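The listed protein sequences derive, respectively, from chains A and B.
In our numbering, each number is its position in the first sequence, counted from 1, plus 1108.
In our numbering, each number is its position in the second sequence, counted from 1, plus 767.
To be clear, the hints were calculated from the coordinates, so they are not data collected in a lab.
Bear in mind the structure is a predicted one, so any value in this text is a computation, not a measurement.
There may be inaccurate statements among the hints.
As the list claims (entries may be wrong) - DSS-like, lysine-lysine: derived pairs with alpha carbons at most 30 Å apart:
#, chain 1, residue 1, chain 2, residue 2
1, A, K1359, B, K929
2, B, K916, B, K966
3, B, K1006, B, K916
4, A, K1359, B, K1128
5, B, K1128, B, K959
6, B, K1128, B, K916
7, B, K1019, B, K966
8, B, K1019, B, K959
9, B, K916, B, K929
10, B, K1006, B, K1021
11, A, K1359, B, K959
12, A, K1359, B, K916
What the hints assert, rightly or not - Computed footprint of chain A on chain B, listed as stretches where at least three residues anywhere in the stretch have a Cβ under 8 Å from a Cβ of chain A:
#, stretch
13, 866–879
14, 1055–1066
What the hints assert, rightly or not - These stretches of chain B come out as covered by chain A in the derived footprint (C-beta under 8 Å, 3 or more residues):
#, stretch
15, 838–850
16, 944–958
17, 1027–1041
18, 1073–1083
Heads up, the beta-carbon is just placed ideally off N, CA and C, and yes, glycines get one too.
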Amino acid sequence: MATSNAQSLTPTVDASPIRDNYLTYRRGVMSWLFTLDHKRIGVMYLVGVLFAFFLGGIFALLIRTELISAGDTLMDADMYNQVFTLHGVVMVFMFIIPGIPATLGNFFLPIMLGAKDVAFPRLNLLSWWLFIIGAIVALTSVVGLDTGWTLYTPYSTGTAAGGSHAMMGVIPVTAGAFIMGFSSILTGVNFIATIHMLRPRGMTWFRMPLMLWSLYATGVIQILATPVLGITLLLLIADRGFGLGIFDPAKGGDPILYQHFFWFYSHPAVYIMILPAMGIISEVVSTHSHKHIFGYKFIAFSSLAIALLGMFVWGHHMFVSGQSDIANAVFSFLTFAVAIPSAIKVFNWLATMYKGSIDLGAPMLYAMSFIWVFTIGGLTGVFLGSLGPNIHLHDTYFVVAHFHYVMVGGTVFAFMSGLHHWWPKMFGRLYSQRGAMVGWLLVFVGFNLTFFPQFVLGGHGMPRRYHDWGPQIMRELGFEAQVNLFGHLHLISSIGSYVQAIGFLIVAGVLVHALFRGRRSPDNPWGSPTLEWTCSSPPPHDNFATAPVVGDPYDMTGLVYDRQTQGYVRRGAGAGSHGG
Amino acid sequence: MEPGTAWAVPKAVAPGVTNMLQSTHSLCTTLASFWVPPRASSHAAEIDHSLLFLYVVSLFFFALIIALMVYFAVRYRRRGPEDQARSQTSHSTVLELVWAIPPIVIVLVAFYVGLMGFLRISSAKANAVEVKVRAYQWAWEFEYPNGYKDAQLHLPVDEPVKLVLTSDDVIHSLFIPAFRLKRDVVPGRYNKLWFTATKVGEYPLLCSEYCGTRHSRMITKVVVHGRGEYEAWLTEASKAPLEALPGPMYEKWKQLRTAEDMDAFLAELRQSDAAMADSAAKLEPPTITGERLYRRFGCYQCHSTDGSRQTGPSFQGLWNRQRVFRDGGEQRADEDYIRRSIMDPGGQVVETYQGVMPTYKGRVTDRQIDALVSFIRSLESTQSQPGQ
């Protein structure tokens, strides 16, 4: 419906940037909240997930501040347990899972494909609303939820002794995650349908930018795995609300069964987080190296391989639960198998840089940091996938460091890379490169300072989710040396988190400043050959006035620098964007 | 190249190689001290070898990847908006297949090294000293073979130890960093561990599965005793709570063999000192508690203790026997089997029996099941021989 309205109103000639685009197409709050335009929905998601990132970041800083010194620094144990739970819930369900696909994916999937919108624009809007409603429902658990985001039974079903836990929030957070799960499923359905049905003439599967391959693979996981989370959460509600006893050993249930159900979704969810990130890196590395991506098919198929293998590795979360040795061996093997396509991608990115013309602006710096942190995250994942070392490292800070290297290091750095890469396209303004680089430096240094010491902490036996790393009892038992070591490492980690926080604030300042004061961006400021750069910055309401001409998405030849606009144009093409 | 596996090679190779291996090993030990605490169990060496192998491999690949990335970024940096890449090569199938090989090989080796280490440490050891571990919010309880319970884990050095773990409430996890030992403590099942402590000393024992408010206080210590000292400690420690008993009563307590004896003893004690009776009851050997429950729940109506067949199988000689079920399944009669038989008797009816036992789900607590298990174990070979 929107598209038919749109067609009559879309300018047929290339309008000068800013004046007539998706941002100015209609005005008013309602024109945003009920828009069917994938770009506006992407921007609304961006606002939502960045708010969640901010909120989760505040919780993270509270955690790190508490851990600066032994004992109660800022809060007592119950409060701390709630804060780390909320940090996990907000960051996982509201930030990282929807993070890249729902924001940059929503905005760029149709444009990069050469389509006017996603296949089901109304469903897309519904996804956003479900996300917001789910997030609000989940956040009502603020009053009391100390189970950790994993909600392990029988602790979360509350049938156990103890009494003092604040677990009012289990049902709200479960219901919220259930609702947000539908948002995720619908987005996946929409992306897959769009890629199958809306490719314009000439857009064959192997002419799709790699970002689309990774979003496609992500969509597959979202559709296959998320319903399992939904079922699990319903069972959990039934257990907690009605005492069904599926996961309650006192009633003949099995608490480990919950872990199987939970990780059957939540491990693939890690790939929901990281695959789109890899897609961004493929785009950024190629564009900012001004070189054809190396090994397109290997990268594309490795996304699918990761999605497929990633569905069968969930059992590595239960190596020490008492699971059978055979199950352990199989899950360990499959876990290792996932490392192979990941390694292939890293090598291909390096090969893309080789003999390129590498522009070390903010997007590329983030992409290179991604390779740095993702390599560490991936290699330490091999430690955890290995059965012997896993016994020692399981549930320690080593695990915390590992998944922060993969999620923050991987997904957030890629997200930052993508934001800096596409910001000029999304809002038509260039940001200050110098400011962005200062922000990057602080984020990168702060990140490593925060999380690297945690590998050492874990190796020395510091368990996760401890409110106090130096409880009196450790001293009484005579373990002063361990306590002192933990103290030093935690202090470094906390300092790192503040550096990171300042870095992210600078990044936010630079990007927001660009919105109001930034120089107008040319259509193609980086010299990228993919389709989104052929439409104006910001894009017009329905993306393309005429069907775009589709070729090799990484063909750099013919892109020449235009001094007047300070952007790149295709040689032989008119001042306009569509190549003829 | 591969310190982890190299060290496992028997020493019977040429002396030069042995020297090399030893220096590699000492280098590894130095490297290890940065990452992990000093090791104090048979597990630790196994796990550290795989860890160090992975560490060296990871360091190599990380250094390689980062060096290439930084070199390319500097060497091929863009020199202006009109600069061109020096190449537009888009793929090389041969090259890509070739560089997929090292990760595949490493992954296979790492998997193998990790798995073998894991299997070696998770296999059952014969003649192990058995300690029952019970976790609850938020403390540990260790029950020694004579029924004595302590808040700390005491072990003999250089002797195989078996831990049987179970929880009263939520999932906990037993973690001893110096032993590289960890296993979840799950309510409703018995997880088992075998290992040998190799160094006399005291080490922290922590809970590593989040379990609520005082999770970070659920810490105690492991004390590894020198040769012969463990038994002395156990005798001494078991005596302590009863030391206040009048001498003759203590002698009597030591002679207790059956539940009836225990009841009579407690009744006698209660007449003089109720508090003392309570603490004596807490020290009741688990086999005696089990026998008492055997009568209270009426198990004796269908299960004999003398080997005679009644409605159900006799308890005598049941422990550790291979059971064959009506549906063809098989299972050794261990803790988990007994627990399931009590909670869900219809799920595993032994062949030639009718399967008429009602479930005791909701009527029997985990601790009571433990006591029943102890009782059934005590009937292993001969007539009832509970207690010490």
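Status of the hints after comparison with the structure:
Straight-line distance between C-alpha atoms of K1359 of chain A and K929 of chain B comes to about 28 Å, which keeps the hinted pair within the 30 Å bound. For the suggested pair K916 of chain B and K966 of chain B, the alpha carbons sit about 23 Å apart, so the restraint of at most 30 Å is met. For a cut-off of 30 Å, the pair hint linking K1006 of chain B to K916 of chain B stands: about 11 Å separates their Cα positions. Between the alpha carbons of K1359 of chain A and K1128 of chain B the distance comes to roughly 6 Å, so the proposed pair stays at or under 30 Å and holds.
At most 30 Å may separate the alpha-carbon atoms for a hinted pair to count; K1128 of chain B and K959 of chain B meet this at roughly 23 Å. For the suggested pair K1128 of chain B and K916 of chain B, the alpha carbons sit about 27 Å apart, so the restraint of at most 30 Å is met. At most 30 Å may separate the alpha-carbon atoms for a hinted pair to count; K1019 of chain B and K966 of chain B exceed this at roughly 38 Å. With a CA separation close to 34 Å, the supplied pair K1019 of chain B and K959 of chain B exceeds the 30 Å bound.
A hinted pair counts as satisfied when its Cα atoms are at most 30 Å apart, and K916 of chain B with K929 of chain B qualifies at roughly 16 Å. Pair hint K1006 of chain B plus K1021 of chain B holds up; C-alpha atoms about 10 Å apart against a cutoff of 30 Å. This hinted pair checks out: K1359 of chain A and K959 of chain B have alpha carbons roughly 23 Å apart, not beyond 30 Å. For the proposed pair K1359 of chain A and K916 of chain B, the alpha carbon gap of about 28 Å is at most 30 Å, so the pair holds.
For the stretch 866–879 of chain B, the assignment as covered by chain A holds, since 8 residues bring a beta-carbon within under 8 Å of that chain's beta-carbons and 3 suffice. Here's how the stretch 1055–1066 of chain B fares: 0 of its residues keep a CB closer than 8 Å to some CB of chain A, so the rule of at least three is not met and the hint is violated. Counting residues of the stretch 838–850 of chain B whose C-beta sits closer than 8 Å to any C-beta of chain A gives 9, which meets the bar of three, so the coverage hint holds. Chain A is given as covering the stretch 944–958 of chain B, and this holds because 12 residues of the stretch bring a CB closer than 8 Å to a CB of that chain, at least three being needed.
With 0 residues having a beta carbon nearer than 8 Å to a beta carbon of chain A, the stretch 1027–1041 of chain B misses the requirement of three or more and the stated coverage is violated. Restraint check on the stretch 1073–1083 of chain B versus chain A: 0 residues with Cβ-Cβ distances below 8 Å, three needed, restraint violated.
Violated hints, listed in ascending order, are 7, 8, 14, 17, 18; each of the other numbered hints is respected by the structure.
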